[in-house]
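Use the sequences and the hints to build the structure in full.
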Amino acid sequence: MSDNEQDFAAWREENHNRAQAHAVGWAERATTEYNEAVRHEDDARERQQYDSGWQRDRTAESRTLAQFHGVRSTEARILAEMWATVAKALDARPADFELVPGP
Numbered sequence: 001m002s003d004n005e006q007d008f009a010a011w012r013e014e015n016h017n018r019a020q021a022h023a024v025g026w027a028e029r030a031t032t033e034y035n036e037a038v039r040h041e042d043d044a045r046e047r048q049q050y051d052s053g054w055q056r057d058r059t060a061e062s063r064t065l066a067q068f069h070g071v072r073s074t075e076a077r078i079l080a081e082m083w084a085t086v087a088k089a090l091d092a093r094p095a096d097f098e099l100v101p102g103p
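For the sequence shown, the residue numbers in our numbering are 1 to 103.
Think of the hints as simulated: they come from the structure by calculation, not from any bench.
A portion of the hints provided could be inaccurate.
As the list claims (entries may be wrong) - Cβ pair distances, simulated, as ranges:
{"#": "1", "residue 1": "Asp42", "residue 2": "Ala21", "range": "26 to 36 Å"}
{"#": "2", "residue 1": "Arg56", "residue 2": "Thr31", "range": "43 to 53 Å"}
{"#": "3", "residue 1": "Val71", "residue 2": "Gln6", "range": "41 to 51 Å"}
{"#": "4", "residue 1": "Arg12", "residue 2": "Asp57", "range": "46 to 56 Å"}
{"#": "5", "residue 1": "Asp42", "residue 2": "Glu75", "range": "13 to 23 Å"}
{"#": "6", "residue 1": "Trp11", "residue 2": "Met82", "range": "12 to 22 Å"}
{"#": "7", "residue 1": "Arg12", "residue 2": "Ala60", "range": "47 to 57 Å"}
{"#": "8", "residue 1": "Ala89", "residue 2": "Gly25", "range": "53 to 63 Å"}
Claimed, not checked - In silico lysine to aspartate or glutamate, EDC-like type, Cα no more than 20 Å apart, as pairs:
{"#": "9", "residue 1": "Lys88", "residue 2": "Glu13"}
{"#": "10", "residue 1": "Lys88", "residue 2": "Glu28"}
{"#": "11", "residue 1": "Lys88", "residue 2": "Glu36"}
Where is the CB? At the ideal position from N, CA and C, for every residue including glycine.
Structure, rendered in structure tokens:
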């Protein structure tokens, strides 16, 4: 192997590892944001049972936070999938599996 080939192999391995780390990081972020969205939506449903102005305001606030975290979860999932695709493209080994896009 020439020096250039070794340099490219090292570059590829380093960037493959970096892409994998980004994919895992964004997947973890997506999970965290999703859990926050669910928590806020559950809170909104709980507060919806009560018929008072204060509870309606809190319900609306919880729903807004649920939507906010839901969007962040979706964006993080998209980034996780993107980085997983990059990692797969940089992997020098033959693919044993195929990435399946999310819903």
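Comparing the hints with the structure gives:
At about 32 Å, the CB distance of Asp42 to Ala21 agrees with the hint of 26 to 36 Å. Checked against the hint of 43 to 53 Å, the pair Arg56 and Thr31 fails, with Cβ atoms roughly 30 Å apart. Separated by about 44 Å at the C-beta atoms, Val71 and Gln6 satisfy the suggested range of 41 to 51 Å. For Arg12 and Asp57, the Cβ-Cβ distance of about 54 Å falls inside the hinted range of 46 to 56 Å, so the restraint holds.
Take Asp42 and Glu75: their Cβ atoms lie about 22 Å apart, and the range 13 to 23 Å holds. The hint said 12 to 22 Å for the Cβ distance between Trp11 and Met82, and at roughly 20 Å that hint holds. Hint check: Arg12 to Ala60, Cβ distance near 50 Å, so the stated range 47 to 57 Å holds. Between Ala89 and Gly25 the Cβ separation comes to about 18 Å, which falls outside the hinted range of 53 to 63 Å.
The suggested pairing of Lys88 with Glu13 holds, with an alpha-carbon distance near 11 Å, which does not exceed 20 Å. Our distance criterion of 20 Å between C-alpha atoms is met by Lys88 and Glu28, whose separation comes to about 19 Å. The hinted pair formed by Lys88 and Glu36 fails the criterion: a straight-line CA distance of about 30 Å is larger than 20 Å.
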